[in-house]
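The primary structure of each chain is shown beneath.
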Amino acid sequence: MNSRERILSAVKQNKPEFQPLPETTRFQSDYPDLVAKFSEILRFIGGTPVLVANYEEAETYIRQTYSDLPSVVSKVPALSHLATTDWDVVDPHQLETVDLAIIQGVFGVAENSAIWVPEERGGHRVLPFICQHLVLLLNTADLVPNMHDAYERLNISESGFGAFIAGPSKTADIEQALVIGAHGARSLSVVLLQNS
Amino acid sequence: MENPFGSKPATSNMMNHSEAAEVFTEDIDRTTWHDKTLWFVREKRDKAVFQIPEWEALREAGSRIKHNALSNLDEYLLEFEQNAIKNGVKIHWAADGHEHNEIVLQILRETGATQMVKSKSMLTEECHLNDFLIEKGVDVVDTDLGERVVQLAGEPPSHIVMPCIHKKKEEIGALFHEHLGTEKGASDPKYLAEAARQHLREKFLTRRAALTGVNFAIAETGGFVVCTNEGNADMGAHLADVHIASMGIEKIIPKAQHLGVFLRLLARSATGQPITTYSSHFHRPRQGQTMHIIIVDNGRTTQLGRPDFRNSLKCIRCGACMNTCPVYRRSGGHSYHNAVAGPIGSILAPNLDMRKNADLPFASTLCGSCSNVCPVKIDIHDQLYKWRQVLVAEGYVDSTKKQGMKLMASVLSSPKLFRFSGKAGRTMMRLLPYSVSNPLNPWFKQREMPEPPKESFREWYVNRETKK
Ligand code: SF4
Chain B
2 MNSRERILSA VKQNKPEFQP LPETTRFQSD YPDLVAKFSE ILRFIGGTPV LVANYEEAET
62 YIRQTYSDLP SVVSKVPALS HLATTDWDVV DPHQLETVDL AIIQGVFGVA ENSAIWVPEE
122 RGGHRVLPFI CQHLVLLLNT ADLVPNMHDA YERLNISESG FGAFIAGPSK TADIEQALVI
182 GAHGARSLSV VLLQNS
Chain Z
1010 MENPFGSKPA TSNMMNHSEA AEVFTEDIDR TTWHDKTLWF VREKRDKAVF QIPEWEALRE
1070 AGSRIKHNAL SNLDEYLLEF EQNAIKNGVK IHWAADGHEH NEIVLQILRE TGATQMVKSK
1130 SMLTEECHLN DFLIEKGVDV VDTDLGERVV QLAGEPPSHI VMPCIHKKKE EIGALFHEHL
1190 GTEKGASDPK YLAEAARQHL REKFLTRRAA LTGVNFAIAE TGGFVVCTNE GNADMGAHLA
1250 DVHIASMGIE KIIPKAQHLG VFLRLLARSA TGQPITTYSS HFHRPRQGQT MHIIIVDNGR
1310 TTQLGRPDFR NSLKCIRCGA CMNTCPVYRR SGGHSYHNAV AGPIGSILAP NLDMRKNADL
1370 PFASTLCGSC SNVCPVKIDI HDQLYKWRQV LVAEGYVDST KKQGMKLMAS VLSSPKLFRF
1430 SGKAGRTMMR LLPYSVSNPL NPWFKQREMP EPPKESFREW YVNRETKK
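Quick note, the sequences are listed as chains B and Z, same order.
Going by this note's numbering, the first residue of the first sequence is number 2, and it counts up by one from there.
Going by this note's numbering, the first residue of the second sequence is number 1010, and it counts up by one from there.
Worth flagging that the hints you see were computed from the coordinates, not collected in a lab.
Warning: the hint list may mix true and false statements.
[Claimed, not checked] Within a straight-line C-alpha distance of at most 30 Å, the following computed DSS-like cross-link-like pairs (lysine-lysine) qualify: (1) B:Lys-16 to Z:Lys-1095; (2) B:Lys-38 to Z:Lys-1199; (3) Z:Lys-1053 to Z:Lys-1386; (4) Z:Lys-1264 to Z:Lys-1386; (5) Z:Lys-1386 to B:Lys-38; (6) B:Lys-16 to Z:Lys-1053.
Chain B on its own, in the form it takes in the complex (with noise of 0.2 Å):
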């Protein structure tokens, strides 16, 4: 017998009578309102949420905000004129230098702040971790209140790839001193695109 046999013969001997899985697993968050709630969280772990009424105003809070760096990329297409470097690198690893990536969410959660962001929409896998700096665009109207509605909207394996990102990157292991920029980016700011 190998090893898978051994184990998954083990597993079948020694695993308890069968039990059903339990008839709810899904509850409900009442938000009055889930932009205050995703804004509020946000802020809490680090981010910056920022309200605009549409893609001019984004780009006025983008450039303001961002004048400083000079290797920007944006896979938002309304927003591709902000780019000035490739998205569309043969090798991932040239994504290093990226100072600021533009991405457009899919959808937003109200109770943690986390956002959807399947490989697509970074076009590499790596590029909202590697950037020093991350902004994401997100529709007000594609914000759920909790983890039970994001994984209803969501098939999880249709991308190869996909992550909820919610917030900066962080660590908290010096002394549980808390210490935005990690690994991934330094600083998120969520873009919130009022009435689209």
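Chain B is already provided as a structure; the job is to place chain Z with the ligand on it using the hints.
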């Protein structure tokens, strides 16, 4: 041996828990600081949990999903394997730590890689993968900041979520000065974290192989989820030609929708965050990349066959039981001489080696705080109590009473500790759930046992914190 931090698990001249704890508690300031730091994390957990009105129902759901998963584990493993293969992932099975390590080495050799970055995986700690690979000439770099710190110090992690929680920033500064060339005497966490970022970025960019752990493996889709705050798992995996993910058989959950339950429970329980910064869902290798999953037993099927202890396999490794444990907080993770420390580690360890780990189920007051915070409702303190019975019956414990007394002396009632904890140690002892006459829990027999408590455990802590 004057420094318990230097001790590696599984060494022959290893101290038992109470001896190691005694050394740890010799430094009163450090013990107090360690205790307070962990309690601070526990308080953050409470704050996060109180914001979720359905928390108890969520725990119940998490617990029952895990029960279902364990009761049908062989089927789910097969389903997972089948789907993962369909996704283009290579599946390997390892009966024990050694086989796991050999598989990793084999993959690296096939790739021609002699260097690897690794993100947090307690399983690889359990298998002693680093030592094995280094001996075979492979350069392994741990990329989680806390893990890198302990790796540079030549120590194992002391906590499953916060690997270097036992280290002061000055000590980390000294390590970084020596290994990363930071300024002498520098201890600002921000400065040190930035130095680690620069140092590890170079590793991410140059390594062709990356190994990550697995938080959840989904039978329904054949994918797996890795949760980190630092982004190190993603930096490693998305830049490497080969991604190896190591998982214990118990990481399986049946369906994608169950992630909703577990991702809501995990980070809140671990650090009080609403979710980790990154919850990365891997299903298929990216173009030109190969992806491997190693499914590891290493004693888990044995534990599954122990009715009293199989529920420990529900663990999602949040660390909450450690942060809340009065013994863990005052004895430090290394005193448990096992990859996983604290209450849950003390249940898992005797399964692997009863003789070596017979002391661990005694490293507890059985106060039950661990079971109360556990997001998947593992009956941790009951299992610790049951292990004591098994270990005594099997003859691994010389005298139950002596074991308990040793802990009492080292962690809970040392005169030195009383100076700062005073009422603390006493109060805790009076909250033990078992009767005075219980021979497996001998502390009540201590002669200088004080009066019964006037404050509850919780009240005591609240008061203690505000007094500071
Ligand atoms: S036993 Fe429970 S509380 Fe402890 S680490 Fe595991 S899941 Fe968390």
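Okay, the hints, checked on the actual structure:
1. B:Lys-16 to Z:Lys-1095: Judged against 30 Å, a Cα distance of about 27 Å means the pair holds.
2. B:Lys-38 to Z:Lys-1199: Judged against 30 Å, a Cα distance of about 29 Å means the pair holds.
3. Z:Lys-1053 to Z:Lys-1386: 19 Å, holds
4. Z:Lys-1264 to Z:Lys-1386: Holds, at roughly 20 Å.
5. Z:Lys-1386 to B:Lys-38: Answer holds: Lys-1386 of chain Z to Lys-38 of chain B is near 29 Å, not above 30 Å.
6. B:Lys-16 to Z:Lys-1053: Violated, at roughly 36 Å.
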